[in-house]
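These protein sequence lines map, in sequence, to chains A and P.
Residue numbering for the first sequence follows the working numbering, beginning at 2 and increasing consecutively.
Residue numbering for the second sequence follows the working numbering, beginning at 17 and increasing consecutively.
The set of hints was computed from the structure by calculation and includes no laboratory data.
Be aware that a few hints might be false.
The list that follows gives simulated cross-link-like pairs (lysine-lysine, DSS-like), each with its CA atoms no further than 30 Å apart [as the list claims (entries may be wrong)]:
#	chain 1	residue 1	chain 2	residue 2
1	P	K54	A	K96
2	P	K501	A	K42
3	A	K99	P	K42
4	P	K199	A	K101
5	A	K42	P	K144
6	P	K263	A	K42
7	A	K101	P	K494
8	P	K450	A	K69
9	P	K539	P	K501
10	P	K590	A	K42
11	P	K46	A	K99
12	P	K199	A	K71
13	P	K494	A	K96
14	P	K590	A	K69
15	A	K101	P	K46
16	P	K46	P	K224
Just so we're clear, the structure is a prediction, and the values are computed from it rather than from any experiment.
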Amino acid sequence: MLKEIDIILDEHEGAAREDLIPILQEIQENQGYISENAIVKVGDYLNLPTSKIYGVATFYNQFRFEPKGKHHIQVCRGTACHVLGSSTVLDQLEKHLKTKADQTTRDGMFSIEVVACIGACGLAPVICVDGEFYAKVTSDSIKEIVETYRNKID
Amino acid sequence: MNLNILVNNQPLTAEKGQTILEVLNKNGIKVPTLCHIKDMLPSGACRICLVEQRKTGKLVPSCSQPVEEGMDIITNSPKVNEARKTIIELLLSNHPDDCLYCSRNLNCELQTLSNNYHVRERQVRGVKNNHHLDLSSASIVRDPAKCILCGRCVRVCEETMGISAIDFINRGSNSVVGPAFNKGLNTSSCVNCGQCIVVCPTGALTEKSHIPELLEALNDPKKIVIVQHAPSISVSLAEEFGMETGKDINGIMNAALRKIGFDRVFDTSFSADLTIMEESAELIHRIVNGGVLPMITSCCPGWVKFAEEFYPEFLPHLSTCKSPQQMLGAIIKTHYATTTGINSEDIFSVSIMPCTAKKFEGQRAEMTSKGISNIDAVLTTRELAELIKLYEIDLHNIEPELADSPLGLRSSAGKLFASTGGVMEAAIRTAHYKLTGKELVKFKINEIRGTHGIKEATIKIGDLDLNVAVTSGLQNAKDLLAQVKEGRMDLHFIEIMACPGGCIGGGGQPINSDENALKARMKSIYSIDERESIKVSHKNPEIIDLYNEFLGKPLEEMSHHLLHTTYEERDVLK
Ligand code: SF4
Ligand code: SF4
Ligand code: FES
């Protein structure tokens, strides 16, 4: 796992501060998230304090700092979804799973990601679990959807 | 080039390149600021410093806007005042509002602003953030709920100290200032200097108070409570009581400490003299025997932790001498206890320090023997002021007293420790005597006095040209160490203090001390040295006695065991 960070950094030979974001993006793409270890390594490499890197990384919504859960739930917060109540849906989901957006449940089963617009506005409010779309979700239906994944045998 | 501007209808001249704020301050016109730090680049984050351009009616931040020819500015128009008030209301919208219970009550910039701008009711109701108190550090308490995100701490930690232990995390209403991964400060590279505390406008950053355990000890009849006060306290405490800045109130402080109930009052300047005996011997030993050079001072616990984190390769350069606080702590619980027949377990040893890092130092594993710490509580100058107020002692109406003896008499060299360059000057005086058998003709070494970030001098000691450098503010130390790393070979001895100006500018000193306060304290220290007759550590009679009766010679077995220490590389989130 850590090997890959080294490889990514090697590919950025001579990198400077400006390359921080692209490097973080690549790491996230490879590892699914930005680990503490990754930040320490990037800091060593770019000669930047970890506090700075964490600061920059948390400024942008795109980065997550925990590994994704076994099932990854994306909640659309685009305008159409918002108008049709996606914030209540997100609230309910967070409550139900006892975790927060951009975080992962303790048992590692679910992670939630808030996305700007999935591009399925006709189906609003929409969520997407492991790549599968669910249209016109409600506070109630979302619990059912999540539970079917919990019990899924792969 | 001079520019002509109008401020509140008054013509003023300004220099090109100055900001509006600089011109206003120079002319005695006040404008509130929050994010601004003097002599640092403006960040323009808070907008509280807005002024109005009369012609356009535009509001501009005065801290970042350069003056232009013909500018016509109003600093207190209704529009300006309204805008400032709105900013304050927004800052208050998610503030905890527990001023009465806050350690910065009556000494808070946000409180003063809301009072000055007549904020009398809550206009904006924001969601209170539920950030947690961070009590993980031995020295610093962070209460992010009280943070107004001005960023001063972030900048001081990065620019003055060269550390960047903390930064902004997240954005918008979720923003918070904290260490990487929003973990406890104890996991970070923070060196506990407290410079962030002294710039924080609110109660978001404070020292970890040791007053509760002290009160318990003072109220315990079985405990012998012994206090020592650091060289710089007597010249900075006065400010907390509205007395003249820099005024030396050493005797009054001794008297106040006795009134509070301390059983013995000792002077850390005494053990500064002790440090000099050991450190000058160590320097000579290194020079004569080809030891690791340059030797670097080790009395500043902020610098020591910094070295352990960022410069482990320099650890062999650090003097093995404990700091004066820890030397006296060790002597009190050993020799002093035995000779006075006190059971060392009954002693509660307190030190008053200008410094928050001393709290951390007191808890280091190296500073305990058989599981008992040599120092039980460390109070900052500010905490001492709190204590004096708690005991309702009127400093204006008590007679000065001397410290207890032994362990209370000092030379003026020991007192010099308060200021950047002081350890060096004191060490040179004694090293000169030890090497040549003669005193220096001129004790005062001007090149290493004053507030400059890096100072250097060459001192002739017999045949030896001793090359020394003195630096304060860890960013300056970084610059100096970079020279050594790159192969600079001429230096024999370096003094490093974490805080700008040395201990007189420490993170435990009164809040919002400015450059003038620093200079006044420094002047006071120098005039003590000017005035007094025992100007060298090796002539302190109590030091001579201590070696004769107990320690033997510097660096010998007993000294080595009690007064010297070791360092260890530290793995933290850098
Ligand atoms: S105490 Fe010093 S090192 Fe620690 S966060 Fe504050 S300024 Fe930075
Ligand atoms: S902790 Fe204090 S100095 Fe730092 S950003 Fe917050 S209010 Fe400003
Ligand atoms: S003080 Fe000028 S913008 Fe903050």
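Now the hints, each set against the structure:
no. : hint             : in the structure
1   : K54/P to K96/A   : violated, 47 Å
2   : K501/P to K42/A  : holds, 23 Å
3   : K99/A to K42/P   : violated, 56 Å
4   : K199/P to K101/A : holds, 18 Å
5   : K42/A to K144/P  : violated, 35 Å
6   : K263/P to K42/A  : violated, 50 Å
7   : K101/A to K494/P : violated, 41 Å
8   : K450/P to K69/A  : violated, 67 Å
9   : K539/P to K501/P : violated, 34 Å
10  : K590/P to K42/A  : holds, 11 Å
11  : K46/P to K99/A   : violated, 51 Å
12  : K199/P to K71/A  : holds, 26 Å
13  : K494/P to K96/A  : violated, 49 Å
14  : K590/P to K69/A  : holds, 26 Å
15  : K101/A to K46/P  : violated, 46 Å
16  : K46/P to K224/P  : violated, 33 Å
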